[in-house]
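Visitor: Put the two chains together into one complex, using the hints given.
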Amino acid sequence: MSVLSTKVQGLLAEPGCGRNQAKSARERRAGCQNLLKPGAAAGGCAFDGAKIALQPITDVAHLVHGPIACEGNSWDNRHTGSSGPLLYRTGFTTDITALDVIQGGEKRLLRAIREIIESYDPPAVFVYQTCVTAMIGDDIEAVCQRASEQFARPVVPVNAPGFVGSKNLGNKLAGQALIDHVIGTREPAHTTPCDVVILGDYNVAGEFARVRPLLDALGIRVLASITGDGRYHDIACAHRARVSMVVCSKAMIHVARNMETRYGIPFFEGSFYGVSDMSDSLRQMSRLLVERGAPETLVARTEALIAREEARIGVRLEPYRAHLAGKRVLLVTGGVKSWSVVAALREIGMEIVATSVKKSTPEDKQRIQGIMGSDAPMIDDLPPRDMYRMLKEGRADILLSGGRSQFVALKAKVPWLDINQERHHAYAGYDGMVELVRQIHLTVNNPIWQQVRRCAPWDAAAPVRKAV
Amino acid sequence: MAIVTRLSKACTVNPLKMSQTIGAALAFLGLDRCMPLLHGAQGCTAFGLVLFVRHFREAIPLQTTAMSEVTTIMGGMDNVEQAILNIYNRAHPAVIGICSTGLAETQGEDVEGFLRIIRARHPELAAVALVFVSTPDYEGAFQDGWSQAVTRMVEELAEPAGHRQPQRINILPGSHLTPGDIEELRETAEAFGFDAQVIPDLSGSLDGHVPEDFCPTTHGGASLSAIRGCGTATFTLAVGEQMRAPAEALKRKTGVPYHLFPRLTGLAAADDLIELLSERSGRPVPAKYRRQRSQLVDAMLDGHFAFAGKQVAIAAEPDLLAAVAPWFAEMGAKIAAAVTTTESPVLAALPTDEVLIGDLADLESRAGRCDLLVTHAHGRQMAARLGRPLLRMGLPLFDRLGGAHRTIIGYRGTRDLVFEAGNMLSAQTEEQHASRGDEHRKLQEAVSFSDAAGSGGQCL
Chain F
65 MSVLSTKVQG LLAEPGCGRN QAKSARERRA GCQNLLKPGA AAGGCAFDGA KIALQPITDV
125 AHLVHGPIAC EGNSWDNRHT GSSGPLLYRT GFTTDITALD VIQGGEKRLL RAIREIIESY
185 DPPAVFVYQT CVTAMIGDDI EAVCQRASEQ FARPVVPVNA PGFVGSKNLG NKLAGQALID
245 HVIGTREPAH TTPCDVVILG DYNVAGEFAR VRPLLDALGI RVLASITGDG RYHDIACAHR
305 ARVSMVVCSK AMIHVARNME TRYGIPFFEG SFYGVSDMSD SLRQMSRLLV ERGAPETLVA
365 RTEALIAREE ARIGVRLEPY RAHLAGKRVL LVTGGVKSWS VVAALREIGM EIVATSVKKS
425 TPEDKQRIQG IMGSDAPMID DLPPRDMYRM LKEGRADILL SGGRSQFVAL KAKVPWLDIN
485 QERHHAYAGY DGMVELVRQI HLTVNNPIWQ QVRRCAPWDA AAPVRKAV
Chain P
32 MAIVTRLSKA CTVNPLKMSQ TIGAALAFLG LDRCMPLLHG AQGCTAFGLV LFVRHFREAI
92 PLQTTAMSEV TTIMGGMDNV EQAILNIYNR AHPAVIGICS TGLAETQGED VEGFLRIIRA
152 RHPELAAVAL VFVSTPDYEG AFQDGWSQAV TRMVEELAEP AGHRQPQRIN ILPGSHLTPG
212 DIEELRETAE AFGFDAQVIP DLSGSLDGHV PEDFCPTTHG GASLSAIRGC GTATFTLAVG
272 EQMRAPAEAL KRKTGVPYHL FPRLTGLAAA DDLIELLSER SGRPVPAKYR RQRSQLVDAM
332 LDGHFAFAGK QVAIAAEPDL LAAVAPWFAE MGAKIAAAVT TTESPVLAAL PTDEVLIGDL
392 ADLESRAGRC DLLVTHAHGR QMAARLGRPL LRMGLPLFDR LGGAHRTIIG YRGTRDLVFE
452 AGNMLSAQTE EQHASRGDEH RKLQEAVSFS DAAGSGGQCL
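The listed protein sequences derive, respectively, from chains F and P. For the first sequence, this note's numbering assigns the number 65 to the initial residue and increments by one for each residue that follows. For the second sequence, this note's numbering assigns the number 32 to the initial residue and increments by one for each residue that follows.
The reader is advised that the hints may include incorrect statements.
Counterexamples of contact, computed for chain F against chain P with all Cβ distances above 10 Å [said to hold, decoys possible]:
#, residue
1, Gly108
2, Gly155
3, Arg178
4, Phe215
5, Gly226
6, Thr249
7, Thr256
8, Pro359
9, Thr361
10, Glu415
11, Tyr452
12, Arg453
13, Glu499
14, Val528
For the chain P half of the interface with chain F, some residues (derived, Cβ under 8 Å), not all of them [what the hints assert, rightly or not]:
#, residue
15, Gln113
16, Gly139
17, Asp141
18, Val241
19, Phe245
20, Thr263
Think of the hints as simulated: they come from the structure by calculation, not from any bench. We treat Cβ as the ideally placed atom computed from N, Cα and C, and that holds for glycine.
For reference, chain P alone in the conformation it holds in the complex (with noise of 0.2 Å):
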């Protein structure tokens, strides 16, 4: 069990968190043809865009209503038009999903109420949904954003059903689900029968991959026809805690019951999944599952030695810091240090005695003696000052590759993250037994030069 705290410092230093906004706004691109549109700044679509470009390595759509000062004091409406119209005529998507600004809801802008206006003015867009979400960067953090854009989504989109079709699933995935943690899910429950729709669906859009032709806005992903079709869905699978607020919405729109899991990642968590897919289809868990089962009861058998006592500080969003935090203690880890980004009722229960709403600063601060440093790649700077190895987790990864397929869920990614985490702690106690011994080398060569210097009287 954990305290929350939070400090009371005016200046927030190397920061974990990024905005709701783009949050939101990475949701949208789980999306087929669909165009995120920010409305603020230009600038505000700019960063996201960067920041996604350098984590994904694909080229991403988003696009912007390029408010300048004048149109702030005046209002955003004709910004907001032009800008649905310009991207309507150029990239023809299906979906735009609008997100606010901090500068549109500083200015207090009823984007609801521009778009029956704009509606009303174009039948043209008849054909295209418009999905809002409000995302004002100063408050919340990233997972925020892309909870509310799937709530919005559910809320605008999906429809209720008539009927069920008992092998038809939802499901809903945090932030924290990378396109490989998504097509993992998917595949189990493809498994046990079970025709499965993931909303928002990065595995579609960006897995990494190579269209045939130029393609102006997300190429894959959740489709439309898919998403007003959740109605007809048996159960919504709902991965985090951030993803109760969207499938409670889909269940208040369409009556569909879900089951949330808080995380995926450890034995029992992956057990959890994998008994409540076998229950719900009535079928025996494949053989497949069983043997990766036992594959990942190896791993642990194998790899607990390098986790044993070792003491390890991350900092993550909340169901990303829920998924691994208490996996490392299942391991025999200490958690000896946590930060986050924002509340989150998940938080209390880690198994660490404090968790801090902070910035990397803050995690250097408490993470000195630590073995292993878990957070995104804005941690390599404190990772080099304090010359401990960084595991590189969440969103950003600039540095690395492969950040879309790295895959920590179920019984294959916890056994793959077993390996990599171990490696890292047995690399980091091989080099410190290293390091020990030239100390003892250095200690005996000054102890022998001390003698050589036949001082006599010291003894060291």
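Just chain F, same shape as in the assembly (with noise of 0.2 Å):
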């Protein structure tokens, strides 16, 4: 466990989160734990957030190591895109009984990893660690080693168990397992001085292809995405790219921030959701691809890709606004959509009541008060009665949010949108803003909400009808 402790407190410390800049020496060594309180805590554990971050590596294995509720309780409930292989998408774990409880779970892990070598054959395979099998000492990074050196395949332990603390820090630890056992271990066929890695994004509905045809369009490849729609090999050689982007901010920085001082490659923070960013993003790209040595034109000619889409976007956007100006949106996400989201609804004439802050860093806030201006309306928790209260209350026409407000909304009778990892639509790069946009139109404008909202007959007060 010690060496678990210290790299906890390693990524804790993590110099390139921007909560920490803000921090004082002291209060950063203290750590960001947000220490969960008993009874009143809602989201997911370390071990949530590391498989939430390696699942989308498309064509590798993901074992489970710990018992059924871990795994069998979890599985296949994120819509995470594939391009191509299918694997990630099979549940795999140890299902430990009350035996391997007492006489420890290492021999059947061993033999579990065995048993997906030999029947799926994958390029590696990911061994994720638990609650119960950290405590009863099994150690994975050991049988991890043994596995790799014995069927001759990587076999990359995630040492996440849930009780080290929330979802976001495992996530942290996802990508830690990713710098320590897979980025830089292998090298690339041909190399371009184009390549880029993408961080942080997890291919949420398949939507990255709407954000590959851009990159294509400039030249630029895609040397390994990290993790949506990823391969094993790829990012095995993510650290022979000249540039990387991190999409989600607070989850993959310190990948980001060690690819740069290990390999030199610079990063960028970055967004694919609404016009402005997405056009910000492939200019940042560019410009950073220059001074790498790409060829100077690429300026030129993304800037060229951005008029081109900014204004066939723009006639896409137009029939909404009549539906959509004027609409009151409560914005209840984190990071990144905290500021992008809101730009890209400005844009199009909504207005954002409130957006929540609860997840956003210092910089995210100041972007959001960069567009709506320093009276902006953040909102640091909102408990689910006084959201529930706001919306009876008619004080907003549609949430945003997560699917774990879904209900909040829909009991209330308000109109609710999924923007976050359980969604089924695409909203990244020009198209997906216009498919937010539509959905957003689909859902505010439905016929149902009249319906719904109206009185039983019995509890108005109608005339009685008399019969002809």
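Guide: This is the structure:
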């Protein structure tokens, strides 16, 4: 456990993290663990976070070493897409028994790895530690090392048992596993001066397919995607990229920073959500690539592409303005989306009633203020009861959030749209913005709202009808 | 008769099973104004929460003691205490149902002991029922957790009564009954003049309704007073073998005898129920049920063509398997593969050669030639790979609407199941005919092509 504790401490002191930059040295040493409040906690554990971050690697087997709860209760519940392999959607677990708890589960784990390699022949196996197997002292790092040697196949330990902390810490530990065991272990067949790494995009609903053609058009190659629609070999070669882009700022920033210090790869934080953010991301990427040796014409070609795309999207968005202008949005999400979606919605005339900043960094907050002014309605924490009241009182026309608050909105009979990981629609890229706006329109203007808000006839004071 | 086997493999692939911890939590979700509390890391709760939210499409009250690495080493007494106090102050529940996890059990936590201390320290909690159930997730499966939680509810909350009310009965439904099934069962009992108290009652809490105001606990379900009063019942109806232990516990505690129905799907099974209700109530069978029985018989007459000789592969928890597999056999289909999650006395009696305690990969490897797959929504990938239709049954059903209202018990439920499964089988047969037609056409084209090629000698 001491190795793990050291890793956790290191991650919590991450200098690339916006929150840490705002802290004093002493506060930083104290770590940024939000202490979980028993009986009033919400959200996943570190294992959950690690799994979310790595499961999008499509061609490897993800093996959960633990009791059935950790995989059996949770598998196949996210919609990250693949353009090829499907093995990542198969649920693997050692499903340990009471006997394993007494005798130790290492032998079962080794056998499980062997069974997977024999039956599925994946390029690598990722092994996830869980609380119970950590408590009984199963040393997954040792088992993975032994399995790697014995089966001549990378077997990657992901040491993020649930009880070490929150989902976000799990995201970071997952990134650390890639740094420690994967990135830099292989060499690409060839490289180009326009190779990039995308970090922290998970290809939810297959949305990266809306971004990739833009990069293709500019001759920019995604050497590795970490981890949406990712492939093991590509990630192992990621250290040969010229530039990296961090999409979800909190989860993978340390991977970007590590690649910068170890391999001299500069990174920038960007977003694929919203027209202006999408354009900015393309601009930054091109500029950094040129600095790293890409042909200078890339900048002009990027500007041309942006101009063309923005004009095209402007035309496609126009019809929705009339339907959505002035509609009031309550936005409950975190991180990048708290500002990128704000900008996007304001672009088409919607009003932001409030945006939650619980999971946002100080920099995220600055950006929100940059967009909405200093009196931007930011809410730190919005408990379900208050959210319900706000919606019930009609203070918003739609709630955009994750699945957690879906039924707060629906039970208040207020339109709701999923913009978090479980969503089914692809919102990235220019066309994704049109899709988001279209979905908001379809939701907020659905004819059911008037019907479901109607009183039952026996509750309303209606005149008694006479038969004719 | 079936042989029950367990493969000696180390890796579970595409799990069928879910943990008994959340099975217990679901049982608590059938109590009114309840907050289930999982004693473990917060992920234990988060996974269960997401699962139930996706299945029921409802807000799910479910809390966690949020154990960390440090508190796990130090012991979880403080976390359990804080969790109970926080829940009490924020949600004002009538019941807090505490379910242990693998984490707590591996640590060897004495939660019963904690609760005694917490009770002594906090007299303000006097009115809140605290029910603890031990459900390590490295043992048993979902239905075992449900069974144990109901046993514990009965042991803790039911009270012996000095008198019996002849109209009053208890219903103990297994975890495989949907809110729709429970409603059907209650209405049937009411038609014979019984006043049925269902424990736990998901049809009150998770039937999908819109409360007037925000509610941090369950909204509807079996009330505390109703459970306390279940000793006045004249008898108990238990549904599913998993409910034998709770029914026994209730009998021990209150002396109320029970009737156990292993299943209520199928003509004979539904007849058993109606016959019992008629006997015990002394009332004739209402015209409504005579009519429904006739409708089921007619559905079987119309539908049996679709089932005859068809091969069905089923993966489900023991009691759901024991409800559905015999029914398919009664319709003339053959159970070609059966997979389940945990041991149960019902398995050996199933009408198939072998019942495997295993996973969906085991079903997939045995179902290649089957006409119909039956399992929960996680079977969708398998169904796509095999190109076979999937009758979704069990929990979770996250990719279809109305799972809570799907009813497969009694005459009416069985009638609708004949239609649903029969239609899938018929569609499958039509598709096969169509594709055979295609093959036939292709074959003919190939023949005529080779004829036209005029090479002469070869004949296909």
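Visitor: Each hint needs a verdict: does it hold in this structure or not?
Guide: Against the structure, the hints come out as follows:
1. Gly108: The claim breaks: glycine 108/F does not keep its Cβ more than 10 Å from every Cβ of chain P (closest is about 4 Å).
2. Gly155: Nearest chain P Cβ is 5 Å from glycine 155/F, so the label is violated.
3. Arg178: 8 Å, violated
4. Phe215: 14 Å, holds
5. Gly226: Given that some Cβ of chain P is not farther than 10 Å from that of glycine 226/F, nearest at about 4 Å, it is violated.
6. Thr249: 25 Å, holds
7. Thr256: Holds, since 36 Å exceeds 10 Å.
8. Pro359: Answer for proline 359/F: holds, closest chain P Cβ roughly 44 Å.
9. Thr361: Nearest chain P Cβ is 45 Å from threonine 361/F, so the label holds.
10. Glu415: At about 25 Å from chain P, glutamate 415/F clears the 10 Å cut-off, so the statement holds.
11. Tyr452: With a cut-off of 10 Å, tyrosine 452/F comes too close to chain P, as the shortest Cβ separation is near 4 Å.
12. Arg453: Its Cβ does come within 10 Å of chain P, the nearest being 7 Å, so this is violated.
13. Glu499: Non-interface label on glutamate 499/F holds, nearest chain P Cβ at 21 Å vs cutoff 10 Å.
14. Val528: Holds, since 26 Å exceeds 10 Å.
15. Gln113: Because about 4 Å separates glutamine 113/P from the closest Cβ in chain F, which is inside the 8 Å limit, the hint holds.
16. Gly139: 10 Å, violated
17. Asp141: 17 Å, violated
18. Val241: Hint on valine 241/P: holds, closest Cβ of chain F at ~6 Å, below 8 Å.
19. Phe245: OK, holds: phenylalanine 245/P within 8 Å of chain F, min 4 Å.
20. Thr263: Since chain F brings no Cβ nearer than about 34 Å to threonine 263/P, farther than 8 Å, the hint is violated.
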